[in-house]
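J.: Chain by chain, the residues run as shown.
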Amino acid sequence: MSIARSRNTLARILTVLCTGLFGTRTNTLITLATLLLLAQVLPPLFRWAVLDATFTGDADACTRAGACWAFVMAKLRFILFAFYPPDLQWRPALVILLLALILTASALPRFWGRPLLLAWPLAVLACWFLMQGAFSATPIPSNQWGGLPVTLFVWAVCFAAATPIALLLALARRSKLGGLRTFSVLYIELMRGTPMVGILYVAMLILPMALPDGLSIDKMLRAMIMVTLFWAAYVAEVIRAGLQAIPSGQTEAATALGLGYWRTQQLIILPQALRIVIPGMVNLAIGFLLATSLLAVIGIFDLLNAARASAADPDWLGFYNEAYLVAAAVYFVVCSGASRYSRWLEGRFSAGRHQAP
Amino acid sequence: MLVQKTFRRAIKSAAAATFLATVMLSGLAHAGPTLDKINQRGAIKVGVGTTPGFFAPDSNGKWQGFFIDFGRALSITVFGTPDKVEFTSSSPQQRLPALQSGEFDILLSGVTVTTTRAFKLGFHFGPTIFYDGQGILVRKDLGVTKATDLDGATIAAQSGTTGELNVTDFFRKTGKAFTPVTIEDTGQFIDALESGRVDAITQDSSDLVGKRTQLKNPDEYVLLPERLSKEPLAPAIAGGDDRWLELVNWTVNATIQAEEWGITSANVDEFLESDDPAIQRFLGVDPSFGNELGLDPKWAYNIIKTVGSYGEIFDRHLKPLGWERGYNSLWTDGGLLYSPPFR
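So the sequences go chain by chain: S and Z. Counting in numbering that gives the first Met the number 0, the final residue of the first sequence is number 356, and the numbers go up one at a time with none missing. Counting in numbering that gives the first Met the number 0, the final residue of the second sequence is number 342, and the numbers go up one at a time with none missing.
It is worth saying that the hints were derived from the structure and are not from the lab. Every residue gets a Cβ at the ideal spot worked out from N, C-alpha and C, and that includes glycine. Where hints are given, some of them may not hold.
[Stated by the list, open to error] Facing chain S, from chain Z, some residues (calculated, C-beta under 7 Å):
1. G52
2. E85
3. S89
4. P91
5. P96
6. T212
7. K215
[As the list claims (entries may be wrong)] Covered, in the sense of this in silico footprint (three residues per stretch, anywhere, with C-beta under 8 Å from a C-beta of chain Z), are these stretches of chain S:
8. 75-83
9. 296-310
10. 313-322
[What the hints assert, rightly or not] Taking lysine to aspartate or glutamate and the EDC-like style, the derived pairs with C-alpha atoms no more than 16 Å apart in a straight line are:
11. Z:K175 / Z:D150
12. Z:K297 / Z:D285
13. Z:K215 / S:D51
14. Z:K61 / S:D86
15. Z:K83 / Z:D35
16. Z:K215 / S:D59
17. Z:K61 / S:D314
18. Z:K215 / Z:D190
19. Z:K36 / Z:E85
20. Z:K318 / S:D314
21. Z:K175 / Z:D148
22. Z:K61 / Z:D82
23. Z:K304 / Z:D148
24. Z:K145 / Z:D35
25. Z:K139 / Z:E219
If we strip away everything but chain S, and leave its shape as in the complex, we get (with noise of 0.2 Å):
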């Protein structure tokens, strides 16, 4: 019986093999072109990688002609955290587990709910006092902050704090009231229309002294503050489109019934809002978390700037394909989870649409 089943599965897949590669003349031809390809690309992809790669040893025992992986083994301790004391290392250890928690936890639809939203800002002070080095001897002073930490805590806390200033921004640009509007429309076309390292700049140069003499905000502070309000402006772009894809309608609908402005918000328009922009609203967070590479121009050390100094250190002198494949697959696994969560997402949002009646 199960012999019989597991024969079946074996033929269906074969079917849709066939039918999908090879079906039409079309799909014969692309993809014996991507086996060629493939064929031309892999072995010596291969033989880098694996044959005539050095796993254990230093600089020396590398050849350059296979990858060094002793390379990211000594140094994948730098990548991750950079210039993080090495005997505190579990402090950012802890900051990318909790960080990971409250990002999972913010994904799946079961959690959502006040206590969501209350555990954001005491996960966010709880990871800034951990990186600070609270009830430690020493403080630690954020220019010694990097690596991995740094470019999810940048990443995940400025998009949740962009969230609730874009809503805002977004419901203004659609606001009846002329100042509102206009103060929202110009606020969004400024952001749009500055690139983000100019945004950096801003708060490396500009900001500090714009503050009052004696009032100094440490820089990652200053950096995350910028950005927050800089990605605020793209996610309220997002946010206004799914304002505008629910039928006025609705909103007339809830007025009949007596219901007040921010009541019918609430209440009709965002939660139904809200769910249409998701799939947006995780490209955005795909983008960003690219873009937090942008930070190494005013010098702070996220991933990609922390792998490519450990390439700089004259014992291990010029692996950079090794410390770029290393900040390459971390990129790859978080993107990649991201937009197969966004597809999960939405597959279960249109089969709860199809049910309803």
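Dock chain Z against the given chain S, drawing on the hints supplied.
T.: Coordinates of chain Z only, in the frame set by chain S:
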């Protein structure tokens, strides 16, 4: 129409206000001398770069390198210990504005001393600690030992840089022929050289030394002795703090003077017995000299004991990468390093 006019006027006054505010605030930002801030903070903020041998983090995330050691020496001069210094990496585009805005107390990131930077940007420079310049890296099998011997060679330069102009000027002067190849991405220089597409590559010699170590067989290539441009790299500070500038000057001078006297971290204690009054002053055996300067009389001793002389710093970080002393030798050895007298 009226709305438009009011709007325009509002924008104009807003712009004027912003301008005024910026001017006033930037005035405020530069008010306090750098040294006060350093003492208040208890640490020196140093802007660095990432170039192998000059400044790079090791596997433990600790900064190491030629310029880094001068930062540590500076920390000894000011605080008496080498670790009260915070190194922060900064990109070439942002390091000068960051120094201006007070983000850094000093740049040890290999800034070239130029007239514009001194006059227009208002920076002060300490003594040149590294004489860099555009060099030419060639394959040994060309059988060339001087750049003037190069005739009909294919040379790669980075497009759109002064490097391209300098090499053209150089060959116009020597009257020899060469074929220029411009390359956009510096990463491709190595490929071009290894594949034999070009006979030589030209860039700042500090970059070339790093590139040489990345070649499959570094020993088959040689950096020619000529420099096609002058790139004196010196510590840069914001103007307006004379004492801070002097501390920077004499910290660098101390490492050079120590090498001239043959003092190293290994033998500095023997020199404490020296009869030479100049060395006694220098090492603080006679404390009156240091006291007059308002420094710990042992400051130079501590620098040499902890960080070493100029020669030691050079040998520690740059020699392993294949650097020759060249222009960065003492004046007594035909180089350009010369410390004013300590008296």
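J.: Hints first: check each against the structure and report whether it holds.
T.: Here is what the structure says about each hint:
1. G52: holds, 5 Å
2. E85: holds, 6 Å
3. S89: holds, 5 Å
4. P91: Interface hint status for Z:P91: violated (10 Å vs cutoff 7 Å).
5. P96: holds, 5 Å
6. T212: Cβ of Z:T212 sits 5 Å from chain S, so the hint holds.
7. K215: holds, 5 Å
8. 75-83: holds (count 6)
9. 296-310: holds (count 8)
10. 313-322: holds (count 6)
11. Z:K175 / Z:D150: Judged against 16 Å, a Cα distance of about 5 Å means the pair holds.
12. Z:K297 / Z:D285: holds, 10 Å
13. Z:K215 / S:D51: holds, 14 Å
14. Z:K61 / S:D86: Between Z:K61 and S:D86 the Cα gap is close to 13 Å, so the pair holds against 16 Å.
15. Z:K83 / Z:D35: holds, 15 Å
16. Z:K215 / S:D59: OK: Z:K215 and S:D59 at ~12 Å, within 16 Å.
17. Z:K61 / S:D314: Given pair Z:K61, S:D314 holds - Cα atoms ~13 Å apart, limit 16 Å.
18. Z:K215 / Z:D190: holds, 10 Å
19. Z:K36 / Z:E85: holds, 14 Å
20. Z:K318 / S:D314: holds, 13 Å
21. Z:K175 / Z:D148: holds, 8 Å
22. Z:K61 / Z:D82: holds, 11 Å
23. Z:K304 / Z:D148: violated, 44 Å
24. Z:K145 / Z:D35: Cα-Cα ~50 Å, so violated.
25. Z:K139 / Z:E219: Satisfied, since the Cα-Cα distance of roughly 5 Å is no more than 16 Å.
Consistency note: the structure conflicts with the earlier hints numbered 4, 23 and 24.
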